[in-house]
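**Q** Produce the complete structure using the sequences and hints provided.
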Amino acid sequence: MAKAKAKTKTNTEDYLRMYRQMVRIRTFEDNANQLYLSAKMPGLTHMYSGEEAVAVGICEALTDDDRITSTHRGHGHCVAKGAEFKEMFCELLGKEEGYCRGKGGSMHIADQSHGNLGANAIVGGSMGIATGSALRAKLNGDDDVTVCFFGDGATAQGLLYEVMNMAALWNLPVIYACENNGYSEYTKTEEIAAGSLTARAEAFGIEAFKVDGQDVLAVNDLTQKLVARCRKGEGPFFLELETYRYHGHHVGDINREYYRSKDEEKDWKQNRDPIVRFRGYLVEQGIATEEEIEAMNAEIEKDATDAVAYAEAAPYPDASEVDMHVYAD
Amino acid sequence: MREITLSQAVNEALAEEMRRDPTTFIIGEDVAEAGTPFKVLSGLVEEFGTERVIDTPISEPGFMGMAVGAAMTGSRPIVDLMFGDFIFLIMDQLCNQAAKIHYMSGGKLNVPLVLRTNLGATRRSAAQHSQSLQALVAHIPGLKVAMPSSAYEAKGLMKTAIRDNNPVVIFEDKLMYQDKAPVPEEEYLIPFGEANVKREGSDITLIATSSMVQVAEKAAEMLAGEGISAEVIDPRTIVPLDEKTLLDSVKKTSRAIVIDEGHQSYGVTAEIASRLNEKAFYHLDAPVLRMGAMDVPVPFSPALEDITVPTPEGVADNARKLCAGELIHAA
Ligand SMILES: Cc1ncc(C[n+]2csc(CCOP(=O)(O)OP(=O)(O)O)c2C)c(N)n1
Ligand SMILES: [Mg+2]
Chain A
1 MAKAKAKTKT NTEDYLRMYR QMVRIRTFED NANQLYLSAK MPGLTHMYSG EEAVAVGICE
61 ALTDDDRITS THRGHGHCVA KGAEFKEMFC ELLGKEEGYC RGKGGSMHIA DQSHGNLGAN
121 AIVGGSMGIA TGSALRAKLN GDDDVTVCFF GDGATAQGLL YEVMNMAALW NLPVIYACEN
181 NGYSEYTKTE EIAAGSLTAR AEAFGIEAFK VDGQDVLAVN DLTQKLVARC RKGEGPFFLE
241 LETYRYHGHH VGDINREYYR SKDEEKDWKQ NRDPIVRFRG YLVEQGIATE EEIEAMNAEI
301 EKDATDAVAY AEAAPYPDAS EVDMHVYAD
Chain B
1 MREITLSQAV NEALAEEMRR DPTTFIIGED VAEAGTPFKV LSGLVEEFGT ERVIDTPISE
61 PGFMGMAVGA AMTGSRPIVD LMFGDFIFLI MDQLCNQAAK IHYMSGGKLN VPLVLRTNLG
121 ATRRSAAQHS QSLQALVAHI PGLKVAMPSS AYEAKGLMKT AIRDNNPVVI FEDKLMYQDK
181 APVPEEEYLI PFGEANVKRE GSDITLIATS SMVQVAEKAA EMLAGEGISA EVIDPRTIVP
241 LDEKTLLDSV KKTSRAIVID EGHQSYGVTA EIASRLNEKA FYHLDAPVLR MGAMDVPVPF
301 SPALEDITVP TPEGVADNAR KLCAGELIHA A
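Protein chains in written order, with my numbering: chain A, 1 to 329; chain B, 1 to 331.
I should point out that these hints are in silico values taken from the structure, not numbers from a laboratory. It is possible that some hints are incorrect.
As the list claims (entries may be wrong) - Cβ pair distances, simulated, as ranges:
#, chain 1, residue 1, chain 2, residue 2, range
1, B, Glu3, A, Tyr258, 24 to 30 Å
2, A, Arg20, B, Lys321, 45 to 51 Å
3, A, Thr12, B, Gly69, 40 to 46 Å
4, B, Thr23, A, Gly252, 45 to 51 Å
5, B, Gly69, A, Tyr316, 45 to 51 Å
Quick reminder that beta carbons are idealized off the backbone N, C-alpha and C, glycines included.
**A** So this is what it looks like as structure tokens:
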């Protein structure tokens, strides 16, 4: 397992931003869950809480020109790639000012301005898109990199093996980032995945790495190196990030002891939380004081509360929008 | 008669047929312990074990193809496809393989499998979890397509589907899983190709499938208060289609609206309407109207989603106009 230490990073601003982004994701999700529980959000949504170091560690190694493709559990990727709370909450509530004018909702948020090509409600549905984006970069001589996020469950989709084969044949600048949170809906990963996930990529000659997905610096360090190599034409790469989702599969999945024990959940939350770990590190290294961190947390909390209030009061799209955007002009 | 939910009705049908026929098995994602996200299959793994209620990885083309192979060699698989929208992932196995094998083999090979899946919008699930794709499979010769409109139909059609020697696709309305209807304790089957006249009437025929049957019945109720007598017919299977019952009704009423939750263009409503035009033309007093979902991907926002599907008010409004002769020269 790659255990990168903080040596390559000396810029405390980068560290604080990574911490901030992780807290922003957690705070966004807490508020989204609250919206669901108080029946203010239409439909269901999938919480990213617990997996913050994955999205942040990776996206902090990217620029706005780099692209990502996201999943049904996509709020974390969206925030990490630079999205604003206001437009995100508006989208979750189906409001006109949402990133997709209310047409997409939680499972389809896309943020073109920051290179987020979109969440996807079809498991594995973005693997072709990500690889195609990388093909375009190569054809155009652009130096941007595309990261394809997907879950352990999605590795069962045949599409992954078709596109990894082509990406490897053509050295495309794409990083396949498998968020292994141990579960595919209500089933443990070991019951649905034979053999080793990284070995599958290696079979195509793709360099593959297993990383502690709860360690934001380890994720960020490795991704920086791989992004740099992708830009030099040395891609593709495959990452398996070991992580954990704190909530149920979706917000409505409350009684889940039949497939996942409370003890296991407690263990991950108490002993491996990515935010708690990184906060401890920041204080220990003298990068931030407890007070500074508390102030940052409070500011983010206020941001979220304000954005939720804004979104709740915001108007729905006009009925005339229903048949807009079926075809591009 | 006792009342049970559509979900329980499907569960009973599967359990009864699996007890009767040891060559049946269920295959799909989270079908065993989880009993599917809609909990329709709860309890089946306890009775039949994980050998006959098989959890798969998220590999739809893979397990669909395996079902085809198992069906060709003696099993009667029941494939569980979590959302109807995922049909697009399995189209090759379903339409190029399952649908054609009996024909291509000159009748020597059979593919007796059931694909159970669902349809229906207004669940705030957005464009990839809300589609009603029955027209796509109904278009392919070799596939039968059943569309239950209540718990009663869901049970009777499922049992028939499992005993059929062809690939059958069943679309359940995911919004209706908790709806109760009278279902007999004793065993019954509903034959394919037999429409059900849900309500008799003399002024206009409302032909509605699955989720739209309730919509048509509500519209008929509203119209009755205004002195318009609407007949409501549920075809129950769109392949095979009970043309006779539909034609008999239209010859009597001379007007018809066809309602289905799939997109309106090139849809189920278009097919049925054009058969009525072809075969009952001289009996019609007005053009046959189609009412389907708007030709847009299903939007997430409730403010938009609700206007994409036919409503009782919309159906009643069109019925009124047809009966008043208003739409005859429209467009
Ligand atoms: C093609 C397809 N099959 C099934 C589903 C239903 N589904 C949604 S999420 C999910 C589990 C995905 O597991 P994983 O890829 O590990 O992602 P996680 O939810 O753990 O983040 C399933 C089966 C789907 N949306 N798309
Ligand atoms: Mg997972």
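**Q** Cβ-Cβ distance between B/Thr23 and A/Gly252: within 45 to 51 Å?
**A** violated, 36 Å
**Q** Does the Cβ pair B/Glu3, A/Tyr258 satisfy 24 to 30 Å?
**A** holds, 28 Å
**Q** Per the hint of 45 to 51 Å, is the separation of the Cβ atoms of B/Gly69 and A/Tyr316 within bounds?
**A** For A/Tyr316 against B/Gly69, whose Cβ atoms are near 49 Å apart, the range 45 to 51 Å holds.
**Q** Could you see if the CB distance from A/Thr12 to B/Gly69 stays within 40 to 46 Å?
**A** Given a distance of about 60 Å, which is not inside 40 to 46 Å, the answer is violated.
**Q** Assuming the hint says 45 to 51 Å, is it satisfied by the Cβ distance from A/Arg20 to B/Lys321 or not?
**A** violated, 59 Å
Hint violations for this structure: numbers 2, 3, 4, all remaining hints satisfied.
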